[in-house]
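A.B. asks: Sequence:
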Amino acid sequence: MKFTRLLTLITEVLNKDSDTKVDVSLTSQLARDIELWSRMYENHPPWLKKDRIYTMGLPAAVAGELARLTLLEFDTEITGSARAEYLNKEYQKVVRQLRLQLEYGCAKGGLILKPYVTQTGISVEFIQADAFFPINFDSSGRMTKCVFASRLRKGDKIYTRLEMHEITNALLRISNRAFVSTNDFNLGTEISVGAVPEWAELTGSITFSGIDRLPFGYFKMPLANNTDATSPIGVSAYAKAIDPIKKADKRYSQIDWEYDSKETAVHVAESMLKYDKGQDRYVYPAGMERLYRTLEFDNGAVSKPLLDVFSPEIRDEAYYNGLNHQLRLVEFNCSLAYGTLSDPNNVDKTAEEIRSSKQRSFDMTRDMQRNLQTALEDMIQAMDFYASIYNLAPVGSYDVTFNWGDSILSDKEQELISMQQDASMGFIRKELYVAKKYGVSEEEAIKMMPAPDTSLSLLEE
Numbered sequence: 001m002k003f004t005r006l007l008t009l010i011t012e013v014l015n016k017d018s019d020t021k022v023d024v025s026l027t028s029q030l031a032r033d034i035e036l037w038s039r040m041y042e043n044h045p046p047w048l049k050k051d052r053i054y055t056m057g058l059p060a061a062v063a064g065e066l067a068r069l070t071l072l073e074f075d076t077e078i079t080g081s082a083r084a085e086y087l088n089k090e091y092q093k094v095v096r097q098l099r100l101q102l103e104y105g106c107a108k109g110g111l112i113l114k115p116y117v118t119q120t121g122i123s124v125e126f127i128q129a130d131a132f133f134p135i136n137f138d139s140s141g142r143m144t145k146c147v148f149a150s151r152l153r154k155g156d157k158i159y160t161r162l163e164m165h166e167i168t169n170a171l172l173r174i175s176n177r178a179f180v181s182t183n184d185f186n187l188g189t190e191i192s193v194g195a196v197p198e199w200a201e202l203t204g205s206i207t208f209s210g211i212d213r214l215p216f217g218y219f220k221m222p223l224a225n226n227t228d229a230t231s232p233i234g235v236s237a238y239a240k241a242i243d244p245i246k247k248a249d250k251r252y253s254q255i256d257w258e259y260d261s262k263e264t265a266v267h268v269a270e271s272m273l274k275y276d277k278g279q280d281r282y283v284y285p286a287g288m289e290r291l292y293r294t295l296e297f298d299n300g301a302v303s304k305p306l307l308d309v310f311s312p313e314i315r316d317e318a319y320y321n322g323l324n325h326q327l328r329l330v331e332f333n334c335s336l337a338y339g340t341l342s343d344p345n346n347v348d349k350t351a352e353e354i355r356s357s358k359q360r361s362f363d364m365t366r367d368m369q370r371n372l373q374t375a376l377e378d379m380i381q382a383m384d385f386y387a388s389i390y391n392l393a394p395v396g397s398y399d400v401t402f403n404w405g406d407s408i409l410s411d412k413e414q415e416l417i418s419m420q421q422d423a424s425m426g427f428i429r430k431e432l433y434v435a436k437k438y439g440v441s442e443e444e445a446i447k448m449m450p451a452p453d454t455s456l457s458l459l460e461e
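For the sequence shown, the working numbering begins at 1 and goes up steadily by one.
Keep in mind the hints are simulated off the structure, nothing from the lab.
One or more of the hints may lead you astray.
Restraint-style ranges between C-beta atoms, simulated for each label pair [unchecked claim]:
#	residue 1	residue 2	range
1	Gly141	Glu73	26 to 32 Å
2	Thr189	Asp367	44 to 50 Å
3	Arg429	Arg366	26 to 32 Å
4	Ala451	Glu77	41 to 47 Å
5	Ser81	Ala224	37 to 43 Å
6	Lys430	Ala61	40 to 46 Å
7	Ile417	Leu152	58 to 64 Å
8	Ser18	Arg366	39 to 45 Å
9	Thr168	Ile417	52 to 58 Å
Ideal Cβ placement from N, Cα and C applies to all residues, glycine included.
Turn these sequences into a full structure, and let the hints guide you.
C.D. replies: Here is the structure:
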């Protein structure tokens, strides 16, 4: 079932249970955009045409690169008590999957990290933006109501479970509802959650008091929502680059066609080839079927030669320049540094433009790290909440450390230039600059430096 269709059905269920019409934060237009972003990421954009327009896979490249930069030097840990040790064990499992899952979050605009309790403890489920439905947010932009949809197929029956999380006046209510249908166009008839063996252990509804947030972490891209300016829901990393990506795919396909259409061939008269009556075809020299193209010359060599080589000039440079221009637009609209996708050897940009593009990438990465840290902190708090409710670990406090590294948050090249100036003016010791530049200790830096010139001091004596 399409994401947009499921949103419509969920909205109908909510409206049926409410005295007034429910105002859903996830609009139908935004739902269609999420479907588009998903199709683009999965290399199935709507502009593909068989044997005419192919895809370069740019959406996945953009999302993957932003996820890589964000977590390049990431290190995090929970410490402080036996409770912290228990949480950290499960937390590190999340961290190991984070880069892969963050790529999905970049592509589709958001990602939920949702802890849940199993027979063996706490696990965390990663839910992509086309599998959850934000309903309401508070004035600070924090989600206060959300619906998760799970579907099972058994024979000709389709089972749908709607899990709703809602915060109202410090009360957290988690409810489950199940439906069964024989088609993919509606939810069908409501049934007991326990009627489905896979969901038999779930409760219909449960309420907790003294809770100030939903029990999961929500990561969203740090970008303004240009689909719906009033919505706090995240948008894709390439939401502002859809048209440049479309044109880049077209330019890429034109280059492919340019090479195919200009492939060297030999036009040969049928009279020069042997005809195989049994297979009803002309026989070409072994292994050369691709090289020859059969033509019928009415007048033989009078009008044209019996062998004519077709080898026109390939106009690849102009096409590659056009493609490179589109890639630069994609980089700009996705906050990537020039040369990430485009040809890094193309120097038509000024040094200041290149520096600005690097800074743009640093700023985007830093903002993503902030949003991801907030999501992880909320997820850890939810894990701690479940550990207390179900008595999974001794009561105790915990501390979380986040180390994002320096190479992404600052421009290392600019930092080294500044340190070099400080060292030359005597503001800092020179070995500090050498140690920073080459990644060595101060002792090793001193050994690397030239020995001081003592000739001047001897002359003075």
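A.B. asks: Next, verify each hint and record whether it holds.
C.D. replies: Hints, one by one, checked against the model:
Our hint of 26 to 32 Å for glycine 141 and glutamate 73 holds, since their Cβ atoms are close to 28 Å apart. Look at threonine 189 against aspartate 367: about 46 Å separates their beta carbons, and that is inside 44 to 50 Å. In this structure the supplied range 26 to 32 Å holds for arginine 429 paired with arginine 366, their Cβ-Cβ distance being about 30 Å. In this structure the supplied range 41 to 47 Å holds for alanine 451 paired with glutamate 77, their Cβ-Cβ distance being about 43 Å.
Checked against the hint of 37 to 43 Å, the pair serine 81 and alanine 224 passes, with Cβ atoms roughly 41 Å apart. Between lysine 430 and alanine 61 the CB atoms are about 41 Å apart, so this pair conforms to the stated range of 40 to 46 Å. Checked against the hint of 58 to 64 Å, the pair isoleucine 417 and leucine 152 passes, with Cβ atoms roughly 59 Å apart. One distance hint, 39 to 45 Å for the beta-carbon pair serine 18 and arginine 366, holds here, with the actual separation near 41 Å.
Against the hinted window of 52 to 58 Å, the Cβ-Cβ separation of threonine 168 and isoleucine 417 comes to about 55 Å, which satisfies the hint.
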